[in-house]
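Engineer: Chain residues, written in single-letter form:
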Amino acid sequence: MALIGIDLGTTNSLVGVWHKDAVKLIPNAHGEILTPSVISIDEHNNVIIGKAAKDRLIKHPDNTVSAFKRRMGTQASCTLGKQKFRPEELSALVLKQLKYDAESFLGETISEAVISVPAYFNDMQRNATKRSAELIGLKVERLINEPTAAAIAYGLHDRADDCHYLILDLGGGTFDVSVLEFFEGVMEVHASAGDNFLGGEDFTTLLCKACFEACGINEKKLSSRDNELIRKTIEQAKKDLGSKSEVNIAANLSKSKLEWKLTKGDFESIVEPLLQKLKHPIERALRDAKLKPSDLDEVILVGGATRMPVIRSLVSKIIRRIPVSTINPDEVVCHGAVIQSALLEKHEALKDVVLTDVSPYTMGIEIASSRNNGNYEAGHFMPIIERNSVVPISRVDRVNTVQNGQMELSVEVFQGESRLVKNNIFLGRLNVKVPKNKAGEECVDIRFTYDANGILEVITKVVSTGDEQNLLIENSAVHMSKEQIRESFKKLSSIKLHPREEAQNLALFSRAERLYEEALGESRNYIAHIIGQFENALDTQDHDVANQARKDLDKVLDEIEGEGVLS
Amino acid sequence: MKCWSILELSQTDDKKTIKRAYAKKLKLIDSQADPEAFQRLREAYEQAVYYVENQAELQLDGTQTDYEVESKSEISFSHAEIEQNIKEGPGQQDDVFDPYPSAQDIMGKVADLYEDTEARNKPEAWRAIFEDQVLLDIEVLSILRYWIFEFVAERLGATDWGEAAPKTINRETVRYLNQVFTWDQEQLSLSECYPHHLVSAVMYEIDGNKGMLELNRNVEKEKRPIWMMVVGWVVVLSCLAKLFAAISK
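Those protein sequences? They're chains U and C, same order as listed.
Just so we're aligned, residue 1 is where the first sequence starts under our numbering, counting upward by one.
Just so we're aligned, residue 1 is where the second sequence starts under our numbering, counting upward by one.
If you're looking for bench data, these hints aren't it; they were derived computationally from the structure.
Positions of the beta carbon are idealized from the N, C-alpha and C atoms, including for glycine.
Certain hints may be false.
Stretches of chain C that chain U covers, calculated by requiring three or more beta carbons in the stretch to come under 8 Å of a beta carbon on chain U [what the hints assert, rightly or not]: (1) 29-36; (2) 228-239.
Among chain C residues calculated to face chain U with C-beta under 8 Å, some are [stated by the list, open to error]: (3) T17; (4) K19; (5) R20; (6) L26; (7) Q39; (8) R42; (9) Q187; (10) L188; (11) S191.
Build out the structure end to end from the sequences listed, making use of the hints.
Structural biologist: Dropping the structure here:
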């Protein structure tokens, strides 16, 4: 049985498998490697996933959702059609599609996967990702950090010994930095840092805001259709600015026409605040790894958003080195996830490669620390596992009671880098009963165990009695009960995916409809006409006729889009 | 030292040999199935590397042959260390950029500005210094993060006893500097290098909270007096009565 590697991205997702001693990325029904992480519901309450759903963003913005990875680990659910979905469930649907594509490609059922997550994902986000897979009956063999995955993909390509890499991974929604060393077949992550809310989508959002301001549009009064249309146009403009020095932005809104000119210089000053935010994680990762920029052998860019030239020039300025991206930045993480799956299966070709990773956050508990006037002040953070410790790791620290006759000790677990717990992320709580005694006489050992998937377990032990308690971190706010999981499992299994051929037709229809929305006058009529023709061809129920019609329509749509009739 | 026997190595100064031994042993361990074995090997490796890197100091101590190293010290970082690291680096080569002159140059400007008692109250004047392109360089920035922190903290008039002294740098400026140097995200490492009261003083300027307020967090909010509740209910009931009267009409 095959183990697959999955890159579950904010914008796009990919799946691959280790095949004949090499990575094979698996194409979806449309023959494409990238499956957009977008989900839509049609009027018959059918679920549409991927490319077809993405094209529906403009026409059916209220029944379509994208970028839900950013909400992982929170309770923000969204309503599609008549049903409510949690972020885990939306991710589960994308995983279901990827699993289905892989199964049709390999001709066997798949039940295990390696899934990549941003290195800077916290405990709740990691657990949510794991749960997504379990909801569709996929066992997660390993969660791998995205920059680490990218590093393995590069490490295997050119195996120079004793190399230090800096990986910068700017995806659709997250930014990760990792420093790695490769020696004697060991890929060792020295440090990771990042920002969970910084990605290509934020650049687009900022540009949209600037556009609204420049054109005097009130964002709140904008219909969701117009909003999606502007967003898509700006997204395209952002990509075009990679090769042009200025672009004209035009879109047909429902009541007016939008026109805006954006130059490279404007673009750079608009996104300046985001560029500032990129600097700090880079600096911190280097500092934690005790390296200076000149120690690095290579700076590698990963993630679709690093295609923006402004990112390249920023990186060259701050670390005085030209970055490389020889492997396709959209695909490299999935490459790495597949290699990790092969490592877990101990394939012969990889038997000399080992990977070690680190925990990106400091984890600890709340304590009261004594001040010089003899009082205790609560709210202080005591680190137990420091950030960038190599995992798996297990550490014990001892705390004692602070009051005479204290019967209970509350262990509150936090994750973060602030010395006051209120600025850190709360993970869970454990109440430990201790025998009545003088202040400071009773001690509790607190053991933190952090596994290779980045999931934390806390064990407390009262020293005098030997009582042990175990806390698997389950945050009440985002935790799903067994009952909820069962229900959700049932809901997701009842959702049928479209057979591959039907999926292709659906994607074509959605695309044609989107083009119709964007076009005007003559070309609108033309598009309506060819959609009608295609429907007729499908009605014949003849396989060959349908196939031919599909190819024709695809070509015509390519032409329409290529000609730029729309702008 | 125990670490050498775990690595199956005789004591050595050569980092490469240690790495090779570690890599060889690591490939024999399944870290998922046997995390304890992995952790033992990892700690031995970190200890051996620490020994090599700090050999000079350890030998000065002479007697300390069985130096137990917490692996925490491997990760923790101090201001002096980074300075030393940067200075010791291949600074002799001509093509390597030396961040120190640039940082000192900026510090000079800061000191000059601070001398000017009128200009130092204007955040624009500070802005003018830190909008320098040289701050784009990561090394310059990380050096200045600590230098400027110390400079500012010492001038905020904080003492260990919490006595107030006149502040000579205003809050707006401190907040601007925090935007440049992100001190609020580095509190743990700052606390390792500077005394508590200095870190607190700067954080107080940034977010208005020293942490001292936490003392009172167990005190519950005072309950409203009973007469207020009674009056409230009377008003609600009379409104309801009027509503009923209107409906029955």
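Engineer: Tell me, in ascending order, the numbers of any earlier hints that this structure violates.
Structural biologist: 2, 3
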